[in-house]
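Chemist: Going line by line, the protein sequences match chains A and B.
First residue of the first sequence? That's 896 in our numbering, and the numbers climb one at a time after it.
First residue of the second sequence? That's 896 in our numbering, and the numbers climb one at a time after it.
Since the hints were made in silico from the structure, they are not lab data.
Treat the hints loosely; a few may be bogus.
Since the list gives no way to pick out one identical chain from another, each pair is judged satisfied if it fits inside one copy or across any two copies.
What the hints assert, rightly or not - In silico EDC-like links for lysine to aspartate or glutamate, alpha-carbon gap of 16 Å or less:
id	residue 1	residue 2
1	K1441	E1217
2	K977	D919
3	K1424	D1230
4	K1078	E1044
5	K1078	E1190
6	K1441	E1215
7	K1078	D932
8	K1099	D1298
9	K1424	E1171
10	K1078	E1331
11	K1122	D919
12	K1078	D1043
13	K942	E1094
14	K1099	E1171
15	K942	E1126
16	K1099	E978
17	K912	E1044
18	K1122	D1228
19	K1441	E1166
20	K1424	E938
21	K912	D928
Please read all numbers here as calculations on a predicted model, not as lab measurements.
Residues per chain are reported as follows:
Protein chains: 2
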Amino acid sequence: MAPPAAVSFETSPSQYKHWSLRIDGHVATLAMDVREDAGLSSEYRLKLNSYDLGVDIELADAVLRLRFEHPEVHSVVVTSLKERVFCAGANIMMLRGSAHGWKVNFCKFTNETRLAIEDASRHSGLKFLAALNGICAGGGYELALACDEIFLVDDGNSAVSLPEAPLLGVLPGTGGLTRLVDKRFVRRDIADFFSTLVEGIKGKRAVAWRLVDAVHPTSQFSAAVRKRATELAMESDRPASGPGIILSRLHPTITESAITYSAVSLTVNRERRTGELIVSAPTDPQPTTPDGMLEAGDRFWALRAFRELDDALLRLRINEPEIGTIVVRTEGDRDRVLSVDRALIEHQNHWLVREVIHFMKRTLKRLDLTSRTFFALIEPGSAFAGSLFEIALAADRSYMLDDSDRENAIQLSGMNGGLLPMSNGLSRLQVRFLAEPARPAELLQHQGPFGAHQAEEAGLVTFVPDDIDWDDEVRLAIEARAAFSPDVLTGLEANLRFAGPETIETKIFGRLTAWQNWIFQRPNAVGDKGALNVYGQQGRPEFDWKRT
Amino acid sequence: MAPPAAVSFETSPSQYKHWSLRIDGHVATLAMDVREDAGLSSEYRLKLNSYDLGVDIELADAVLRLRFEHPEVHSVVVTSLKERVFCAGANIMMLRGSAHGWKVNFCKFTNETRLAIEDASRHSGLKFLAALNGICAGGGYELALACDEIFLVDDGNSAVSLPEAPLLGVLPGTGGLTRLVDKRFVRRDIADFFSTLVEGIKGKRAVAWRLVDAVHPTSQFSAAVRKRATELAMESDRPASGPGIILSRLHPTITESAITYSAVSLTVNRERRTGELIVSAPTDPQPTTPDGMLEAGDRFWALRAFRELDDALLRLRINEPEIGTIVVRTEGDRDRVLSVDRALIEHQNHWLVREVIHFMKRTLKRLDLTSRTFFALIEPGSAFAGSLFEIALAADRSYMLDDSDRENAIQLSGMNGGLLPMSNGLSRLQVRFLAEPARPAELLQHQGPFGAHQAEEAGLVTFVPDDIDWDDEVRLAIEARAAFSPDVLTGLEANLRFAGPETIETKIFGRLTAWQNWIFQRPNAVGDKGALNVYGQQGRPEFDWKRT
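Construct the complete structure from the given sequences, taking the supplied hints into account.
Modeler: Below you can see the structure in the form of structure tokens.
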């Protein structure tokens, strides 16, 4: 089964096929109502509110728009419009028919969407209540686990379950296992039992086992949900009223080899399997006050450039699997970036500025989690300053030209000091200097730019070839990288990028996802007689019984 | 290539084929001198001090014996007797010819051995100095990374390197990537460059990049090593002199379906793919003082039973891959276990007691890391108390018979309070009760045994079926478990067992190993044209270029 040639990650509520977004005062209701016949591929039907990537793109869009477009929304009820069904999880026929890389990228995106829900709760005062008005299985329950609280209808039938292991021979890989034991602190032996149980757990036992927060009889369910959603809304520090800003379409220009936005472009060279990602500094003055930013809306460079970067990364992941080595450049006026950074820092407590900063943060996390090599090339005319220098810090290596004639410099800003943390909770400077914990603060004290040698001495860049060596050294590094086994690079980068502490978030992408990807590769799951392949068909799976 | 039918993990210095252990005052020298023709299989030759499981079994034995048999040894120099070669890493022909499960178990054991080196340094005052007197590649450098310090000879040729990614398309999976960035705090971009470099790094650059601690010219190398080893020895808190205790052979009785030791037995049912592991409490009074324990030596129950358990787990992993579900029972006198626990706690600062406790701890970690399901069955006559109850806590589930006639009880001791931590640094009670951090201390206050209902209420056991339900419930649970995909259980258990914080140790077995296992399954490494398969042969690897 071939995925669609090119997936777009852009949508908007008026285009939603699978979700209904309703806003009533401070409470929004995001209700799943998946159209069976509107999957990304026609080779499966999205029965029982099961989902594919297209469904999740809408969910991610809805969560994002609530943050930017509806600051007056303080809590969100996540529920279903189907009778007796909340969500049956990821569509099994879709998974079965997907190539390995598609499975992995599908899971990565859905994980990022669920983490975005938690990010909104933790950092934007937008609380989520999962209102499970029917059966809630697998990925459906994993979506609920990403919400702050889970209410389950007590109708004698509706249960929460993670039937992936017994039915499909794969893990609940959208954070389910991790959130059970690390977020909801379900006891590991209970989690073990629960995760091997096809029929799931319902009623009071689900509460006692910490699987849900409350159960309510059908007759009282909506009232209880409404009441709790209203209470959650009252905890919020979001504005009492709007308006927010509208996120309009990005309208990139797409050709065979390039996708070009206003401040971002991604050009691919299919023969060399390389890409070039360029991010431009603002070309005109940017607002410096919240009012100015509200007025600029999604034209505000910080939001616009990072939305474009985010979209480019998503398209790269899904639509360009063979482009393995990405050169990252920036261009334009460093001072304009620094000026934006100053405004963001000064007004970081304003709701919109907060949203912009967290969006930049999530985009950079997306970069950390993109399994492609990134080499930052820092040349005269570049704009690797502050929030844009964060891209160089996120890259696997950086090469900075030690130019004998022209100025070539990088610069830090307060944005490098912790406002754009990695998923392990540390700033990229902190992770970079685990050996010298005091160094980030020292470097942030540095006034003005760093030339190539200063930057090298400060440990801020990897290599500083001079004019004579530059072309060869950079070219050879890229060619060598592009010749590696793509798989070993994925493993290498997933290990080296995440030094330091682990969090629920990093455990999901490290421990849980890495095991799931292993399982996704094993004949016991995906072979002819593997569990994922024979589910719902005649016959039972046949396993190689050897434990690994 | 078939591995030997059954591997024994027992050896002793007089039997070593690959290592020389020399003791000179407070400094031991453990020198690698691998016999090319003495691999576990005759289908490869262990050239250039490359190693297979047999070589590592000797290393693990040597480290263990230094702890128990030579308390007067305070530091260990790890070096090579070969000219210009320290160690070329894991043998590639061995890896290439091994089945997936063998690769994984080989890596697991070698990882445990390296962690045992760090455990000895951290907890037993036994410091390790890697004296790299020649080229040091791949697993050789990973062994060095496990030592406290690394000295490299500066002879213009000797370098440290991790060439796995470029040459073999697999990760340096014996902790290398993790220790680079998380132990030695090598900057991630430098680690990235280094880990893609076949020729490695030597001389002053290796020091500047934190890859080694010092380089010394050939003429001064041995003197510098001796001097530093002596200094490290002086930091130790181990006894000034011996004697230690001798670890004699375990002499289990081995039949087709059982391996029986003095206090441990493991019986397998190949048809059902289940096993039964029984650990017995002491059957006679045990020493309560360090002098008594010294005199008892390896007959002291705590050491003997856990050595046997350790050996049984290792044999289970390597020799019985299809035995996926293990029922764990204990039997005997609970009070005798508790009495041993009291003695251990009272004298925990004595060097031998310390060694015994840390050995118990490592054995229990080995259990946590054994990818088999463990169900603890707690029945009348069992001895799940204190350190033996820790096995029930390590199990995936526990079933405790609520017996209407006979006493059936479990009991805690101070040994459950943190002396036997998991690899994440927490006690199993702490991990169990992440939701209620105060609970472990409360439970440890409880005097006397817990009956079935008390134990259930306390959250110490999973299920407490009564006499009527017991047989069916337990039987069905085991049958259901044994019918699962072995792979999904491995992934499930690896996620659910390790709730809470992550450490270098858990990152090695979670993040690093999980990715490596994925790579070990990928055609780009192990396919006909995969990098691991074509290395050293005519032709180059052919890759599927899709990034995942």
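Chemist: All the hints need checking, so say for each whether the structure fits it.
Modeler: Outcome of the hint check:
1. Only between protomers do K1441 and E1217 lie at most 16 Å apart by alpha-carbon distance; the minimum there is 4 Å, versus 33 Å within a single protomer.
2. Within a single copy, K977 and D919 get their C-alpha atoms no closer than 20 Å, and across copies no closer than 77 Å, so neither meets the 16 Å cut-off.
3. In the homo-oligomer, the alpha carbons of K1424 and D1230 never lie at most 16 Å apart, since the shortest distance is 60 Å inside one protomer and 51 Å across protomers.
4. In this assembly of identical chains, the alpha carbons of K1078 and E1044 lie at most 16 Å apart only when taken from the same copy (11 Å versus 38 Å across copies).
5. In the homo-oligomer, the alpha carbons of K1078 and E1190 never lie at most 16 Å apart, since the shortest distance is 39 Å inside one protomer and 49 Å across protomers.
6. In the homo-oligomer, the alpha carbons of K1441 and E1215 lie at most 16 Å apart only across protomers (8 Å), although the nearest pairing inside one protomer, at 36 Å, exceeds that limit.
7. In this assembly of identical chains, the alpha carbons of K1078 and D932 never lie at most 16 Å apart, being 35 Å within a copy and 52 Å across copies at closest.
8. Taking the shortest Cα distances, K1099 and D1298 never come within 16 Å of each other, neither inside one copy (69 Å) nor across copies (26 Å).
9. Within a single copy, K1424 and E1171 get their C-alpha atoms no closer than 42 Å, and across copies no closer than 30 Å, so neither meets the 16 Å cut-off.
10. For the homomeric pair K1078 and E1331, the shortest alpha-carbon distance between copies (13 Å) is at most 16 Å, but the shortest distance inside one copy (31 Å) is not.
11. When the C-alpha separation of K1122 and D919 is checked against a cutoff of 16 Å, the pair qualifies only within one copy, where the shortest distance is 13 Å, while the shortest distance between copies is 76 Å.
12. In this homomeric assembly, K1078 and D1043 come within 16 Å of each other (Cα to Cα) only inside a single copy, at 10 Å, whereas the closest approach across copies is 35 Å.
13. Proximity of K942 and E1094 under a CA criterion of 16 Å is satisfied in neither setting, with 18 Å inside one chain copy and 55 Å between copies.
14. In the homo-oligomer, the alpha carbons of K1099 and E1171 never lie at most 16 Å apart, since the shortest distance is 55 Å inside one protomer and 35 Å across protomers.
15. Taking the shortest Cα distances, K942 and E1126 never come within 16 Å of each other, neither inside one copy (34 Å) nor across copies (70 Å).
16. Taking the shortest alpha-carbon separations for K1099 and E978, neither the intra-copy value of 22 Å nor the inter-copy value of 70 Å comes in at or below 16 Å.
17. For the identical chains of this complex, K912 and E1044 are neighbours neither inside a copy (26 Å) nor across copies (60 Å), given an alpha-carbon limit of 16 Å.
18. Taking the closest pair of Cα atoms, K1122 and D1228 never come within 16 Å of each other, the shortest separation being 51 Å inside a single copy and 56 Å across copies.
19. For the homomeric pair K1441 and E1166, the shortest alpha-carbon distance between copies (13 Å) is at most 16 Å, but the shortest distance inside one copy (41 Å) is not.
20. Taking the closest pair of Cα atoms, K1424 and E938 never come within 16 Å of each other, the shortest separation being 21 Å inside a single copy and 33 Å across copies.
21. Proximity of K912 to D928 under the C-alpha cut-off of 16 Å is restricted to the intra-copy arrangement: shortest distance 8 Å within a copy versus 67 Å between copies.
Taken one by one, the earlier hints fail for this structure at numbers 2, 3, 5, 7, 8, 9, 13, 14, 15, 16, 17, 18 and 20, listed in ascending order.
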